[in-house]
Amino acid sequence: MAYSDKVIDHYSNPRNVGTLDKSKNNVGTGLVGAPECGDVMRLQIEVDENQVITDAKFKTFGCGSAIASSSLATEWLKGKTVDEALSIDNMDIVEELALPPVKIHCSVLAEDAIKTAINDYRVKNGLPALELPKSHH
Amino acid sequence: MLTLPIYLDNNATTPLDPRVLDAMLPYMTKMFGNAASRNHAFGWQAEEAVDYAREQIAALINCSPKEIIFTSGATESDNLAIKGVFEMYASKGNHVITLTTEHKAVLDTCKHIEKLGGKVTYLPVDAEGLVDLKQLEEAITDKTILISVMYANNEIGVIQPMREISAIAKKHGILFFTDGTQAVGKIPVDVEADGIDLMAFSGHKMYGPKGVGALYVRRKNPRVKVTAQMDGGGHERGMRSGTLNVPGIVGLGKAAEIAKQDMESDTKRISAMRDRLEKELLTIEESYVNGSVEHRLPHVSNISFKYVEGEGLMMGVKDLAVSSGSACTSASLEPSYVLKALGLSDDLAHSSLRFGLSRFTTDEEIDFAIDHVKEAVSKLREMSPLWEMFKEGIDLDTIEWAEH
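Protein chains in written order, with the numbering used here: chain H, 78 to 214; chain A, 891 to 1294.
Hints may contain errors.
Going by beta-carbon spacing under 7 Å, a handful of chain H positions derived as facing chain A [stated by the list, open to error]:
| # | residue |
| --- | --- |
| 1 | Arg-119 |
| 2 | Phe-138 |
| 3 | Cys-140 |
| 4 | Gly-141 |
| 5 | Trp-153 |
Okay, derived cross-link-like pairs now, DSBU-like style, lysine-lysine, Cα gap no bigger than 30 Å in a straight line [stated by the list, open to error]:
| # | chain 1 | residue 1 | chain 2 | residue 2 |
| --- | --- | --- | --- | --- |
| 6 | H | Lys-134 | A | Lys-1169 |
| 7 | A | Lys-1269 | H | Lys-101 |
| 8 | A | Lys-1060 | A | Lys-1009 |
| 9 | A | Lys-956 | A | Lys-1208 |
| 10 | A | Lys-1100 | A | Lys-1001 |
| 11 | A | Lys-1009 | A | Lys-1169 |
| 12 | A | Lys-973 | A | Lys-956 |
| 13 | H | Lys-155 | A | Lys-1269 |
| 14 | A | Lys-1001 | A | Lys-1150 |
| 15 | H | Lys-83 | H | Lys-134 |
| 16 | A | Lys-1230 | A | Lys-973 |
| 17 | H | Lys-83 | A | Lys-994 |
| 18 | H | Lys-201 | A | Lys-1281 |
| 19 | A | Lys-1001 | H | Lys-101 |
| 20 | A | Lys-1060 | A | Lys-1110 |
| 21 | A | Lys-1009 | H | Lys-157 |
| 22 | A | Lys-994 | A | Lys-982 |
| 23 | H | Lys-134 | A | Lys-1264 |
| 24 | H | Lys-155 | A | Lys-1169 |
| 25 | A | Lys-1169 | H | Lys-99 |
| 26 | A | Lys-1005 | A | Lys-1230 |
| 27 | H | Lys-83 | A | Lys-1269 |
| 28 | A | Lys-1150 | A | Lys-1115 |
| 29 | A | Lys-994 | A | Lys-973 |
| 30 | A | Lys-1269 | A | Lys-1281 |
| 31 | A | Lys-920 | A | Lys-1001 |
| 32 | H | Lys-134 | A | Lys-1269 |
| 33 | H | Lys-134 | A | Lys-982 |
| 34 | A | Lys-1110 | H | Lys-83 |
| 35 | A | Lys-1061 | H | Lys-99 |
| 36 | H | Lys-201 | H | Lys-155 |
| 37 | A | Lys-1060 | A | Lys-1033 |
Okay, the calculated beta carbon distance ranges per label pair [as the list claims (entries may be wrong)]:
| # | chain 1 | residue 1 | chain 2 | residue 2 | range |
| --- | --- | --- | --- | --- | --- |
| 38 | H | Thr-96 | A | Ala-1211 | 52 to 58 Å |
| 39 | H | Gly-203 | A | Val-1183 | 54 to 60 Å |
| 40 | A | Val-1183 | H | Lys-83 | 37 to 43 Å |
Rather than coming from a laboratory, the hints here were simulated on the basis of the structure.
We put the CB at the ideal spot given by N, CA and C, even for glycine.
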């Protein structure tokens, strides 16, 4: 199976690989997937007082599409408010990266990671966790 | 000059040896006869070429030329052997014993005969990938007609103890079939000394052409017969109908001749390269060889690089053509069943790469492969949350992973 140019670009030059201090109150961390399934994503956001995501970092164990999906997600997250970030849909990622059907689960995982990170941030800051749709991964 | 990408997937298929191609070419144009045409020179020429190939192959595996049945490849040979014995010996019993690590062509054929009322025992293997002989013998019942154990495994290269298995089969009066696809032409295979009754093998795994293979069927002690799986002109002693693929057969014959002639020198050179590759790659932290290193084909190495996912790694080593035990592309997301049969955890199975060298692999290519893999593993680990956790001393087994 051939990868799209965008997947190759994100894989070869991943944006925002790294780790934020998860003990900080304004950092939300989402760790999703499982090693047995061959993909684990950790996505982190740093939020300022205006609810704007000022930084996003990821680390991913997975195939090229999983790495590209999380790399793209961090790009999209930066500059968005937390509420805006909630509207990122996995199908947007599929479209942007031209993922084939067998790789859609990578985009689903990225969306899960975003929402899990946002929930982590919300709970840390005394907000109720949002109900996450059951992962279809 | 190094030409990229480098092909290290020779368990999937091998390039055609130019010497084999030279032998084949005349049989595609000038000498195009049907080997079954008995009444003119074109047919005689073709038949002569087929007979010669039979001799070349017989010499490689130490059998009589009459014991070679030509087929379209190892999958067909596997089907013909298992289904053919199942049908031919139906009055004796309906039980077949095989391994969980067999190729799909064997496993799915066994599944098929189960649907026809057959009983199949799928034996597990140990952590090295080897059959447990005691367990094998215990699985035998008075209905057992066939033991089907591969000669060498396609994913990890592990060689099963042929002589011990055949001794058990003989003791109980059971036929012994082996899928020899990965072994024939690579290591000495002797159907007499190994006590094999039926053996499948293929042209394209031994520098021959695709679309041609053979089934060895013993004619003496005991005389083995299989029920044909295709009806037609009764070619190949009635066991496999269909006009013979003369150029393919000539190619398989030539490939067998070269294998016999060059095996010793090829093996020496290839195994030295494989050992160097493996030794260098094992200097990478948290990397492990999968399967027995003692009982193994000389040209294969299967290595897991923990905390890195195999498919992602293959993309990282884009200048190498290798394969992975990970199956992120398949709908099931299930990693290699062979690696899992060794007791590997899913994450280690997902982290594996298989390197398969050939007689055309060069030292320069191995040097490049070593650097390329080291670089990619290190880059991906920098990106891996699991690697970070491992480095922080977190036991990954204690984490409650999100349900998938």
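Status of the hints after comparison with the structure:
Annotation: Arg-119/H was flagged as interfacial toward chain A, and the flag holds, the nearest CB pair being 4 Å apart, inside 7 Å. A least Cβ separation of about 5 Å between Phe-138/H and chain A falls short of the 7 Å threshold, and the interface hint therefore holds. For Cys-140/H, the interface hint holds, since its Cβ comes within 7 Å of a Cβ in chain A; the closest pair sits about 4 Å apart. At its closest, the beta carbon of Gly-141/H sits 4 Å from a beta carbon of chain A; the interface hint therefore holds under the 7 Å criterion.
A hinted interface residue such as Trp-153/H counts as satisfied when its beta carbon comes closer than 7 Å to some beta carbon of chain A; here the least separation is about 18 Å, so the hint is violated. With a CA separation close to 35 Å, the supplied pair Lys-134/H and Lys-1169/A exceeds the 30 Å bound. A threshold of 30 Å between alpha carbons decides the hint, and for Lys-1269/A with Lys-101/H the separation of about 27 Å falls inside it, so the pair holds. Distance check on the hinted pair: Lys-1060/A and Lys-1009/A sit about 20 Å apart at the alpha-carbon level, within 30 Å; holds.
Straight-line distance between C-alpha atoms of Lys-956/A and Lys-1208/A comes to about 46 Å, which puts the hinted pair past the 30 Å bound. At most 30 Å may separate the alpha-carbon atoms for a hinted pair to count; Lys-1100/A and Lys-1001/A meet this at roughly 26 Å. A distance of roughly 43 Å separates the Cα atoms of Lys-1009/A and Lys-1169/A; the hinted pair therefore is violated under the 30 Å criterion. A C-alpha spacing of about 21 Å is found between Lys-973/A and Lys-956/A, which places the hinted pair at or below 30 Å, so the restraint holds.
Taking the CA atoms of Lys-155/H and Lys-1269/A, the gap is near 24 Å; set against the 30 Å cutoff, the hint holds. Between Lys-1001/A and Lys-1150/A, the direct Cα distance comes to roughly 35 Å. Violation of the 30 Å bound is thereby established for this hinted pair. Restraint check for Lys-83/H and Lys-134/H: satisfied, since their Cα atoms lie roughly 19 Å apart, inside the 30 Å limit. For a cut-off of 30 Å, the pair hint linking Lys-1230/A to Lys-973/A stands: about 27 Å separates their Cα positions.
For the suggested pair Lys-83/H and Lys-994/A, the alpha carbons sit about 35 Å apart, so the restraint of at most 30 Å is broken. Taking the CA atoms of Lys-201/H and Lys-1281/A, the gap is about 26 Å. The hint holds against a cut of 30 Å. Taking the CA atoms of Lys-1001/A and Lys-101/H, the gap is about 56 Å. The hint is violated against a cut of 30 Å. Distance hint between Lys-1060/A and Lys-1110/A is fulfilled; the C-alpha atoms sit about 13 Å from each other, no more than 30 Å.
Taking the CA atoms of Lys-1009/A and Lys-157/H, the gap is about 61 Å. The hint is violated against a cut of 30 Å. As the CA atoms of Lys-994/A and Lys-982/A are separated by approximately 26 Å, the hinted pair is consistent with the 30 Å bound. Between Lys-134/H and Lys-1264/A the alpha-carbon distance is near 25 Å, which keeps this suggested pair within the 30 Å criterion. Distance restraint check for Lys-155/H and Lys-1169/A: the Cα-Cα separation of roughly 44 Å exceeds the 30 Å cut-off, and the hinted pair is therefore not satisfied.
For the hint linking Lys-1169/A to Lys-99/H, the alpha-carbon distance of about 39 Å lies beyond 30 Å, and the restraint is violated. A hinted pair counts as satisfied when its Cα atoms are at most 30 Å apart, and Lys-1005/A with Lys-1230/A qualifies at roughly 25 Å. Distance restraint check for Lys-83/H and Lys-1269/A: the Cα-Cα separation of roughly 19 Å lies within the 30 Å cut-off, and the hinted pair is therefore satisfied. Taken as a hint, the Lys-1150/A and Lys-1115/A pair is honoured in the structure, with Cα atoms around 27 Å apart against an allowance of 30 Å.
For the hint pairing Lys-994/A with Lys-973/A, the CA-to-CA distance comes to about 14 Å; that is within 30 Å, so the pair holds. With a C-alpha separation of about 15 Å, the suggested pair Lys-1269/A and Lys-1281/A falls inside the 30 Å cut-off, and the hint holds. Among the hinted pairs, Lys-920/A with Lys-1001/A is inconsistent with the structure: their alpha-carbon atoms are about 44 Å apart, more than 30 Å. Restraint check for Lys-134/H and Lys-1269/A: the C-alpha separation of about 16 Å stays at or below 30 Å, so the hint holds.
In summary, the hint linking Lys-134/H to Lys-982/A is not supported, as the alpha carbons are separated by about 66 Å, beyond the 30 Å threshold. Pair hint Lys-1110/A plus Lys-83/H does not hold up; C-alpha atoms about 62 Å apart against a cutoff of 30 Å. Our distance criterion of 30 Å between C-alpha atoms is broken by Lys-1061/A and Lys-99/H, whose separation comes to about 66 Å. A C-alpha spacing of about 20 Å is found between Lys-201/H and Lys-155/H, which places the hinted pair at or below 30 Å, so the restraint holds.
Using a Cα cut-off of 30 Å, the hinted pair Lys-1060/A and Lys-1033/A holds, with the two alpha carbons roughly 15 Å apart. The hinted range of 52 to 58 Å is not satisfied by Thr-96/H and Ala-1211/A, whose Cβ atoms lie roughly 34 Å apart. With their beta carbons about 57 Å apart, Gly-203/H and Val-1183/A fall inside the hinted range of 54 to 60 Å. Between Val-1183/A and Lys-83/H the CB atoms are about 41 Å apart, so this pair conforms to the stated range of 37 to 43 Å.
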